[in-house]
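Visitor: Spelled out, the chains give:
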Amino acid sequence: MEIPAIVGAGLVVIGAGIGIGRIGGSAMEAIARQPEATNKIQTAMLIAAALIEGIGFAALFAV
Amino acid sequence: MHKVVRFLLVLALAGPTAVLASSEGHGGHGDDHKKELTPEQKKAHNKHYVIHHTQDSHDFGIFANESEGTHYGFPLPVILWDDGIHFFMSSKFDHGHKTVESNGKYFRLNYADGKVYKADAEGHYITKKVWDADLEMHVQEPVEVLDFSITKNVLVTILMAIFMFFLFRSVARSYQKGLAPSGAAKFLEPIIIYIRDEIARPNIGEKHYKKYMVYLLSVFFFIWFLNLSGMTPLGINVTGNIAFTAALAVMTYLITTFTAKKDYWMHIVWMPGVPVPMKIILFPIELLGTIIKPFALMIRLYANMLAGHVVLGMLLVAAYGFSSYFASGAFIGLTFFMNIIELLVALLQAYIFTMLTALYFGAAAEEHDHEHAAAH
Amino acid sequence: MGLLEEFSIGLFFWQSVLFLALLFLLRKFAWKPILNSVNEREQKIADSLELAEKTKAEMESLKASNENLLKEARAERDAMIKDAKETASKMVAEAKDKAKEEGNKMLAAAQDSINAEKAAAIAELKTQVAAFSIEIAEKVVRGELSSADKQKALADKLAEDINMN
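Going down the list, the sequences are from chains X, S and C. Using the numbering used here, you'd call the opening residue of the first sequence number 10 and step up by one each time. Using the numbering used here, you'd call the opening residue of the second sequence number 19 and step up by one each time. Using the numbering used here, you'd call the opening residue of the third sequence number 405 and step up by one each time.
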């Protein structure tokens with residue numbers, strides 16, 4: 010039986026979602042622990058999230 | 019200044035409502051005096067409606083009533099290349115209903131995908147045989163024309179470029195009066211300084227950041243302002259167009275490649291500090307990486323902005339699809355909420371594009387001691 | 405909507421041209437002047453702060469040196485006053501001594517002259533007394549020696565006196 014490509018894309022998106030969620034959660038914890046480093050953490054969080062997001066989009070467009 | 023901000027705010031928040039007004043013809047209510055559509059037809063119609071509003075267009079449509087076939091807006095110049103230049107106004111297409119003759123050639127606008135195709139005198143598309151990989155067979159496809167038209171996106175970009183030029187020139191001039199910022203500079207200067215101190219300096223380095231500042235500032239404000247123009251009720255979607263993001267990504271790629279120092283190429287061709295077999299494996303990966311990075315930039319901006327417009331469009335169509343006022347109201351509220359999120363996304367995506375561009379520039383401009391290179 | 409179907413070469417061309425044009429226009433008319441002004445201002449602020457800091461330090465040192473100077477002046481003044489007082493008291497003492505000495509000298513001189521006068525007076529007195537005595541004695545002797553008996557009694561008496569000695 011052949012699995013449709015969209016299912017694979019969905020799996021990638023789930024993975025990306027979990028990844029971005031974890032980044033966000035960890036960033037929250039980090040900010041709570043070190044509020045003075047908020048700016049740096051936010052920047053790093055956004056970059057990491059953007060990179061993962063790119064993979065998610067790549068999967069969607071590959072379908 | 020306050021008035022301008024308030025005006026923009028009202029415009030942005032009124033966005034969904036204005037689009038609602040123009041979508042009236044497509045949803046449930048407009049269909050009363052037409053024959054009832056099946057749910058599948060309705061779905062396809064709505065989908066087409068939403069997608070159509072994210073596409074580039076040869077005329078600047080402000081309001082359309084498709085059930086009556088009336089369009090309000092203004093035509094834009096069409097410039098085609100087909101064994102010579104063809105120039106005429108898009109009103110000649112009559113929204114895809116008419117075939118246009120120019121210098122002995124015939125053209126037809128496909129209203130569904132907004133592209134211009136070659137046609138014959140009778141108005142039929144000229145087709146050619148192409149291999150379709152999905153269907154695994156040859157199919158007849160209409161032939162596209164090289165289209166250099168001043169489309170809606172081009173017009174908006176031109177207007178935005180003019181606006182940006184005068185805005186930032188006025189900011190630059192305000193410094194001649196005194197060193198303290200005044201007028202628009204009060205609002206824009208902190209952003210300019212943020213880009214310099216929080217994006218360029220830490221990512222590129224104190225030594226080289228200056229020569230990249232012009233590009234970073236331009237790209238940030240260009241993307242941000244065009245993103246915001248997409249929040250107006252005019253149905254503009256410049257940054258959600260792959261050609262636009264591709265142009266910026268190519269620019270980033272070219273600047274990265276042509277300003278790259280020896281170390282940058284060294285890390286691609288012969289990665290220091292890893293064993294030789296790994297170096298051989300890493301070379302093609304790194305080489306591919308130089309292209310994937312700007313490609314990801316292109317896709318990220320395009321997909322985010324397009325997705326934002328599609329979601330807003332879908333929510334609005336859904337709001338008009340319901341027969342219950344409560345559900346419709348809830349969806350309009352949701353649209354309003356999404357609109358505010360999109361305002362944030364407009365800024366965020368401009369920031370991320372600039373940030374990642376600075377990161378790539380930083381990798382290109384980096385020069386480190388090779389004694390340390392082995393350590394990391 | 406695949407990526408390739410969406411992609412329009414014409415739009416790509418226009419966007420590239422427009423963006424490049426905007427880039428060069430903004431570079432010339434906006435970013436360079438803006439960044440220069442901002443840099444200039446930051447430099448100015450930094451310079452002013454530095455100058456203020458420097459001035460403050462200078463003031464501080466000036467104040468310290470002023471204090472020192474004041475202290476020195478005060479010390480000098482005190483020394484001078486002390487000196488002056490000492491000199492004054494010395495002078496007074498000297499003057500006193502001198503006056504005393506002078507007084508003493510004058511006193512001594514006076515005493516001397518008094519003594520001399522006295523001595524002179526006594527000497528004169530003595531001569532006068534002697535003269536008177538001789539006169540008296542002459543008179544007495546004349547009276548005594550006016551008769552033979554009397555000369556004889558006197559001679560006896562003198563002889564007796566000499567014997568007794």
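In short, the hints are calculated from the structure, not lab data. Where hints are given, some of them may not hold.
[Claimed, not checked] Simulated pairs of lysine-lysine, DSBU-like, Cα-Cα distance not exceeding 30 Å:
(1) K229/S to K475/C
(2) K49/X to K147/S
(3) K228/S to K432/C
(4) K225/S to K436/C
(5) K475/C to K228/S
(6) K228/S to K49/X
(7) K123/S to K60/S
(8) K509/C to K225/S
(9) K147/S to K136/S
(10) K110/S to K123/S
(11) K116/S to K146/S
(12) K494/C to K195/S
(13) K448/C to K229/S
(14) K146/S to K133/S
(15) K432/C to K279/S
(16) K204/S to K494/C
(17) K204/S to K225/S
(18) K486/C to K509/C
(19) K458/C to K486/C
(20) K195/S to K475/C
(21) K147/S to K229/S
(22) K229/S to K195/S
Visitor: Hint by hint, say whether it matches the structure.
Guide: A quick look at each hint next to the structure:
Note on K229/S and K475/C: the hinted pairing is violated, with a Cα-Cα distance of about 59 Å set against a maximum of 30 Å. Taking the CA atoms of K49/X and K147/S, the gap is about 55 Å. The hint is violated against a cut of 30 Å. Taking the CA atoms of K228/S and K432/C, the gap is near 15 Å; set against the 30 Å cutoff, the hint holds. Restraint check: the Cα-Cα separation between K225/S and K436/C comes to about 17 Å, which is no more than 30 Å; the hinted pair holds.
Taking the CA atoms of K475/C and K228/S, the gap is near 55 Å; set against the 30 Å cutoff, the hint is violated. For the given pair, K228/S sits about 22 Å from K49/X by alpha-carbon distance, which is consistent with the 30 Å threshold. Of the supplied pair hints, the one linking K123/S and K60/S is violated, its CA atoms being roughly 37 Å apart against a limit of 30 Å. Distance restraint check for K509/C and K225/S: the Cα-Cα separation of roughly 100 Å exceeds the 30 Å cut-off, and the hinted pair is therefore not satisfied.
A C-alpha spacing of about 14 Å is found between K147/S and K136/S, which places the hinted pair at or below 30 Å, so the restraint holds. For the hint linking K110/S to K123/S, the alpha-carbon distance of about 14 Å falls within 30 Å, and the restraint holds. Between K116/S and K146/S the CA atoms are separated by roughly 22 Å; this keeps the pair inside 30 Å, and the hint holds. Restraint check: the Cα-Cα separation between K494/C and K195/S comes to about 76 Å, which exceeds 30 Å; the hinted pair is violated.
This hinted pair checks out: K448/C and K229/S have alpha carbons roughly 22 Å apart, not beyond 30 Å. Between the alpha carbons of K146/S and K133/S the distance comes to roughly 16 Å, so the proposed pair stays at or under 30 Å and holds. At most 30 Å may separate the alpha-carbon atoms for a hinted pair to count; K432/C and K279/S meet this at roughly 26 Å. Proposed proximity of K204/S and K494/C is contradicted: the alpha carbons are some 80 Å apart, above 30 Å.
Pair hint K204/S plus K225/S holds up; C-alpha atoms about 28 Å apart against a cutoff of 30 Å. Straight-line distance between C-alpha atoms of K486/C and K509/C comes to about 33 Å, which puts the hinted pair past the 30 Å bound. Restraint check for K458/C and K486/C: not satisfied, since their Cα atoms lie roughly 41 Å apart, outside the 30 Å limit. The suggested pairing of K195/S with K475/C is violated, with an alpha-carbon distance near 51 Å, which exceeds 30 Å.
For the given pair, K147/S sits about 49 Å from K229/S by alpha-carbon distance, which is inconsistent with the 30 Å threshold. About 26 Å separates the Cα atoms of K229/S and K195/S, which keeps this hinted pair within 30 Å; it holds.
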